[in-house]
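**Student:** Going by our numbering, the first residue of the sequence shown is number 1, and it counts up by one from there.
One or more hints might be untrue.
What the hints assert, rightly or not - Each computed SDA-like pair below joins lysine to any residue, with the alpha-carbon atoms no more than 20 Å apart: (1) K204 to E235; (2) K297 to E326; (3) K270 to E52; (4) K270 to S245; (5) K200 to P285; (6) K200 to G238; (7) K290 to R306; (8) K200 to T169; (9) K204 to P243; (10) K290 to D224; (11) K297 to R284; (12) K270 to Q216; (13) K204 to G259; (14) K297 to R281; (15) K204 to R60; (16) K200 to G59; (17) K297 to G317; (18) K297 to L332; (19) K204 to Y233; (20) K204 to S51; (21) K270 to N193; (22) K270 to A210; (23) K204 to S245; (24) K290 to E228; (25) K204 to R215; (26) K297 to E323; (27) K270 to G208; (28) K204 to R262; (29) K204 to A54; (30) K270 to D122.
For the record, the hints were derived by calculation from the structure and aren't laboratory data.
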Amino acid sequence: MTASEHTIRNLVVHQLIKAPQGPASIALRRGEVQQSEAAQRLVDHLVDRYSERAGKGYGRFESDEDNFPMPRFIRQHVVDQSIDFATLSQLMMQHLQVRAEQEPLAAGGYVLIARVEHAGIDYLFVALVSEVIGTAISDDLDIVESPHLDLANLRVAGRIDLSAWQRGTERCISFLKGRGDVANYFKLFLGCNDVVIALKETQKLVQGLAEFAERQAMPTETRDALFERAHGYLEERGEEGEPVSLDTLVERAWPDSPGLLREALNEEDKAVASGFVPDRRAIRPLTHFKAAADHWKIEFDRNSLRSGQVIYDRDNGTLILTEIPEGLRRALLGG
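Using the sequences provided together with the hints, build the complete structure.
**Tutor:** What follows is the structure in structure tokens.
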């Protein structure tokens, strides 16, 4: 992404003050941050970093707005236009303080809240950024401490797709899953219900693998190897009832260039959630072909094409089956 792709409509920075195991308080900025090159660079960096990260959770708003008021706050600003962006951000911070109080391990930092437009999508981006002490050289050539934002370690962040939310889309919220307890308090702050439908997510993952193979113009043998490795990992997870780790999946399925596959599965419009237990029925297309017409059905595995038991005649658009079972042969001769 380039800087010009992110249009900042509104930007505010507040501070959440909290040490692990300690109480939480907030320091609020009165108005919005003025747009500048420095502000643009910061937003660009954080949004890009967030987009690159795998292991996100996805969901929609909880329906209980008394306990999860985020959709009410956003509706007041986006739809009713009864509050300005600075007020929206302050209401969000007050609720973040409540949720942080409930999580002993939560730590404070600077909270960046931005409304951004990108590729025709209007979204709200929230990131908690901590400060670290580095080293610098002063004008007198002394070595001095230099505090700066820890942009390399984005651990707590989320995004609300306002366009999708207004359309009623089921997945309009995403957040970094990270460490379970810390991620959970931020998920509650966003008001996100991330109950994942395993079948849909598995189907999306299988489709993502197929599209990746097609875009890479893989030879048949390479594509089949990718699918078989992915199937092996997903079959293990499904059999054990354990959730999928996208990082592990891409390392196993495409070890030569896992980052390339991770990027493909993490594209914004088709990103796959982490943390779901794969539906073993839905991974079958990775190793099997299945089709039906008005008067017949057929299913065979990919190995049968390599072994010659099934032959695809590309020129004539026909399938040839060899080594058919004796029972079927007799039935055909008798029929």
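**Student:** So which of those numbered hints doesn't the model satisfy?
**Tutor:** Checked against the structure, no hint fails, so every one of them is satisfied.
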